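J.: What follows is the residue order along each chain.
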Amino acid sequence: MSGALIEIKDLNKKYALSSSFFSSQKRIIHAVKDIDLQIFKGETLGMVGESGCGKSTLARLITRLEEPSSGRINFKGEDVFLYDKQELKSYRRNVQIIFQDTYSSLNPRKSALNTIKEPLLIHRLNGKKEREEKALEIMAKVGLKKEQANRYSHEFSGGQRQRIGIARALVLNPELIIADEPVSSLDVSIQAQILNLLKDLKKDYNLTYLFISHDLNVIRYVSDRIAVMYLGKIVELAQNNDIYNRPLHPYTRMLLAAVPSCDPRKKKEIINIKGEARAENKEGCPFQNRCSYRVEICEKVEPNLEKYDEHSFCACHMAGSI
Amino acid sequence: MSLLLEIKDLKTAFDTAQGRINAVDGVSLKVNAGETMGIVGESGCGKTMLALSLMRLVPANGKVVNGEIFFSGKDLLKLSEEEMRAMRGSEISMVFQEPMTSLNPVFRVGEQIAEAIRLHQHLPAKQAMELSVEYLREVGIPDPQKRAMDYPHNFSGGMRQRVMIAMAMSCHPRLMLADEPTTALDVTIQAQILDLISGLKEKNNMAVVLITHDLGVIAQAAEKVAVMYAGKIVESSSVEKIFENPLHPYTQGLLESVPARCLKYLERGEYLKTIPGSVPGLYDFVQGCRFHDRCSYAMEDCARREPKLSEIEPGHFVSCWKTENGAFGKRALQTRCG
Chain C
1 MSGALIEIKD
11 LNKKYALSSS
21 FFSSQKRIIH
31 AVKDIDLQIF
41 KGETLGMVGE
51 SGCGKSTLAR
61 LITRLEEPSS
71 GRINFKGEDV
81 FLYDKQELKS
91 YRRNVQIIFQ
101 DTYSSLNPRK
111 SALNTIKEPL
121 LIHRLNGKKE
131 REEKALEIMA
141 KVGLKKEQAN
151 RYSHEFSGGQ
161 RQRIGIARAL
171 VLNPELIIAD
181 EPVSSLDVSI
191 QAQILNLLKD
201 LKKDYNLTYL
211 FISHDLNVIR
221 YVSDRIAVMY
231 LGKIVELAQN
241 NDIYNRPLHP
251 YTRMLLAAVP
261 SCDPRKKKEI
271 INIKGEARAE
281 NKEGCPFQNR
291 CSYRVEICEK
301 VEPNLEKYDE
311 HSFCACHMAG
321 SI
Chain V
323 MSLLLEIKDL
333 KTAFDTAQGR
343 INAVDGVSLK
353 VNAGETMGIV
363 GESGCGKTML
373 ALSLMRLVPA
383 NGKVVNGEIF
393 FSGKDLLKLS
403 EEEMRAMRGS
413 EISMVFQEPM
423 TSLNPVFRVG
433 EQIAEAIRLH
443 QHLPAKQAME
453 LSVEYLREVG
463 IPDPQKRAMD
473 YPHNFSGGMR
483 QRVMIAMAMS
493 CHPRLMLADE
503 PTTALDVTIQ
513 AQILDLISGL
523 KEKNNMAVVL
533 ITHDLGVIAQ
543 AAEKVAVMYA
553 GKIVESSSVE
563 KIFENPLHPY
573 TQGLLESVPA
583 RCLKYLERGE
593 YLKTIPGSVP
603 GLYDFVQGCR
613 FHDRCSYAME
623 DCARREPKLS
633 EIEPGHFVSC
643 WKTENGAFGK
653 RALQTRCG
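Line order of the protein sequences matches chains C and V. According to the numbering used here, the first sequence is numbered sequentially starting from 1. According to the numbering used here, the second sequence is numbered sequentially starting from 323.
Do not rely on the hints blindly, as some may be mistaken.
Derived list of chain V stretches under chain C, where covered just means 3 residues or more per stretch with a C-beta under 8 Å from a C-beta of chain C [stated by the list, open to error]: (1) 507-515; (2) 530-538.
With a cut-off of at most 30 Å between alpha-carbon atoms, the simulated BS3-like pairs for lysine-lysine come out as follows [as the list claims (entries may be wrong)]: (3) C:Lys274 with V:Lys523; (4) C:Lys26 with V:Lys468; (5) C:Lys307 with C:Lys14; (6) C:Lys134 with C:Lys199; (7) C:Lys267 with V:Lys352.
Everything labelled a hint here was simulated from the structure, so no lab data went into it. Note that the structure is predicted; figures quoted are calculated from it, not measured. Think of the CB as a built atom: it goes at the ideal place given N, C-alpha and C, for glycine as much as any other residue.
Based on the sequences and whatever the hints tell you, model everything.
T.: Here it is in structure tokens:
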């Protein structure tokens, strides 16, 4: 690890929803809240949280598919939101995304080869013949056969479609790949194939991953560091082993307790898992209504993400004492 | 424990333009009263069609072409449509994966639960409504009196699934079919729903057929397990035996693909074990053992003859030529990460 590839500073994203047709009052959804985060070159940063916690919004902000309400994202020291059209294009060459839904993220009218070639065409890289060669080379790399090059996406299985998605992201030689739930829609035997492939590619192409998932088992397998998100905020950020062996935040504990263990003799106690992720607290800690360690201060003061030790950060008043 | 449900050689087929598909292909299964039977398999292996065949709700282009389904002694397939309708919801009920699409968006949830009570228990509307509030309370919905008057879109995913369970429980069925009841939910909500189902099961001595692709859910919630592959049961036993001594190569492969089980190895930077290839499509007819082209132990015979589900040790059924011939011995085929 050397130097931050991506540096996120005080990032906020709010969406306004009109609460009903007749009222002019707007409801504000704070999808991403005061996020400070660094992604270092060569690491896999796992991002975990329940649905609606802002994981995907953050991914879209990093790729500049969304504009933030406030805050900065620096890529190698340059503010990505100040990029002009040309700079943005070259930024996007370096930051690619793999999507969850393999049906809707591939164009049904394009063959596998054309799908993988398209980014090269858009970025006007190489000649026609070289593009074809490059695409075929990447296809082989992700485990697709040459004979499959001219098939359309509906002729592939879910796992193979995800391979196409990975190849398309890889063909531009990006530095950072944002994988947004890349294995969530796949069967477990296929999931393992894709996870191994991503691991290989990281080594071969010297990639950095931001790996987003709701599945703590998958996150544990792939990540170096893990960020836990809750209602738009990062509540804990630590090394992989620390998260699992020494969870600091009560929410991390709850998540870990909720994962069903694959050992039928170890039935889990689930007494402390209650409530749902809903922003119903006006002030104080957003997690207080589900937390079993709540004290007085939690109802008044919202905790910030603070340094706990060298590698760990936690947003909890009780961090370390529970 | 008494036998509640017995399925014998069930086949459900679909006639399509490309020919006949056997979605469920000769499944036999026994479920005792008050027991949780987990059915696990990857997508397209026929889990859901098995459940729909049990409810006699197979989509119009398909039908049950063979077999018998005995539910406390009666063959469900021989009942008239009228008798079957009386059975659904009162004796056997079903919880679906998608709680949004299985609730009617234009009726209040209280009314939807009350409808089932009115129809099956012939109670007046007011009393049915009171009972439905009671069930909402039982499944852990706060302020049930008020929430009963809300519409499905006012509920979160987890709450909707609770409503579905309240509805399924409302007539005290003896069997609940739960088809991926927690797949669309977050882990913390999943834990709550599984806990709710097992609590209700204990209280009412109800049997549960739990269909899922998630081995963790199976390990936590099921007592017996049947592993399905391409329309067939390839292994069935108690949950402990399946996880500690899996005998079918497919079951072993499934277990080894789960990252949580193999941490010891993964921490050393080793790779996850995988099953090569993917589940055969419904139109791809595989001769011999359905799994042979993905199986690392396949022999010549496997491609030619299809193995039958046979009892390898008491209560442990496996359909595999290798295990049957004793080639593995009883425990020789250990998974790496047991």
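J.: Does each hint fit the structure? Answer for all of them.
T.: Structure-based check of each hint:
1. 507-515: holds (count 7)
2. 530-538: holds (count 4)
3. C:Lys274 with V:Lys523: holds (20 Å)
4. C:Lys26 with V:Lys468: Within the cut-off at roughly 26 Å; holds.
5. C:Lys307 with C:Lys14: Holds, at roughly 26 Å.
6. C:Lys134 with C:Lys199: Distance ~21 Å between Lys134 (chain C) and Lys199 (chain C) Cα, so the pair holds.
7. C:Lys267 with V:Lys352: Holds: Lys267 (chain C) and Lys352 (chain V) sit about 24 Å apart, inside 30 Å.
Hint compliance for this structure: every hint is met.
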